[in-house]
Amino acid sequence: MSKRTDSNLYTLLFATGMVIVVGSLLAFLASSLKPTIDENKRIEKQQNILYAMGVNENDESSAIFVSKDKVAGEFSKYITKQLVIQGNKTTEDENAYLIDVKKQQTAEKEGKERKLPLFIGEKDGKTFYIAPIRGKGLWDAVWAYVGMDENMVIQGAYFDHKGETAGLGANIKLRFFMDDFIGENLKKDGNFKGIAISKSNNDPKNIDKTDNEVDAIAGATITGDGVSAMIKSELKKYVPYFKTLKTN
Amino acid sequence: MGLLSKKDAALITDPFADNNPITIQVLGICSALAITAELKASIVMAVSVLFVMGVGNVVISLMRNIIPSKIRIIAQLIVVATLVIIVDLVLKAVAYDLSKTLGAFIGLIITNCIIMGRFEAFALANGPWRSFLDGIGNAVGYGVILILVGFFRELLGSGTLLGFKVLGDPIEKTGLYALGYENNGFMLLAPMALIVVGIIIWIQRSRNEALIEEN
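Protein chains in written order, with this note's numbering: chain C, 278 to 525; chain V, 52 to 266.
Quick caveat, the hints were computed from the structure, so don't treat them as lab data.
There may be inaccurate statements among the hints.
Straight line, CA to CA, 20 Å or less: simulated EDC-like cross-link-like pairs of lysine to aspartate or glutamate [stated by the list, open to error]:
1. Lys354(C) / Asp426(C)
2. Lys151(V) / Asp417(C)
3. Lys380(C) / Asp370(C)
4. Lys151(V) / Asp346(C)
5. Lys450(C) / Asp148(V)
6. Lys151(V) / Asp437(C)
7. Lys476(C) / Glu233(V)
8. Lys322(C) / Asp377(C)
9. Lys216(V) / Asp336(C)
10. Lys514(C) / Asp377(C)
11. Lys439(C) / Asp148(V)
12. Lys345(C) / Asp148(V)
13. Lys482(C) / Glu337(C)
14. Lys151(V) / Glu321(C)
15. Lys151(V) / Asp377(C)
Away from chain C, derived, C-beta distances all over 12 Å, residues of chain V [what the hints assert, rightly or not]:
16. Ser56
17. Phe67
18. Leu78
19. Ala144
20. Phe156
21. Trp180
22. Leu218
23. Glu264
The C-beta atom is built at its ideal place from N, Cα and C for all residues, glycine as well.
Please model the complete structure; the sequences and the hints are all you need to start from.
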């Protein structure tokens, strides 16, 4: 005798019921948690920007952000201007940090003019220009906030990723890798060159700051190449703005 | 009488050793290769699977009499995917830093064949309490191997444990590195995880000959 649950009608009703229950449960959970998740992302962006200009709570070797409760105060204290560069036009926008770089890249591919956010910070009498950039790693997206001076010499950087391999490509967000970028010049002989993640520069302590190279992470070739390509293609877009700084 | 009967206790202890999901059933190998380059990632994955497998087994057990046999695999997949999405969303809201650390690992739980295997082999035929114990037992058995593999890979591959330099500084040449020791970069690559799992299987079977299959 066949069981009641074997009939086609029952199977169809069960499948429909399960989809409705699971769908409703997840939709309810996602919509009720969305404001909290969005707020966490917003705070993280501010922490990233501050990190790239050296405002952090780092200990000897780990990369630690300014704590959540302090971030709003520190952000308004250190970030003096938020700019949006669109073609030849540069405007101020106090919410430029909320611009989605991924959406802007898509818009650019569709032939629209892209908005480039740039954050200007002042710390210890020094001016920092912080640019958010995004590229591709081995498995998924990689992104960074790069703090520069007016000569495009890197003063600080924060790298992150969506799904790079733990212990390998994921190490781009570790302090030893990010600190290697400090002091590296993005230009060579006056022209923009970028910084390559190199396996053959024989400079593990990264003492040479004029070679436009930092030491690669063992076993993370594709992620490193992705980071190099991201720096080269994305930061190049800020060169016209930095040229205006020279002429002013 | 103890909290658990002898039979119930075996549900927890068997997967830990003599019926380990990785070393005996040879399941869940993909995640053992993919995420064990760091001890921290191994621990996080083990804890996440513990939750999903414990709760998932109970849910499937409660639904066992109403799930149509024709679509039982899809129903099981929906349960595990739902639990994984719930964990992911809740972590993003209440423990954002931890959710960032976990990254893709949470999503990877869906692909863990141990979970589907226990739903199919145990939870569909047993009550919620026994299914819960079975889920916990198998998740612990899986987690122990993951942590062992992660321990050796991080120690020998990076010279660190949970990110702390335990063998010295490889660039400054202090500690063991001063004596000429070099990190074994091969340990960080997936093939070495397979070799480490193989060594664990070899040691386990050499200590318990009952586990060796006859030709």
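Indices of hints not satisfied (ascending)
Going through the list in order, the structure violates hints 19 and 20 and respects the others.
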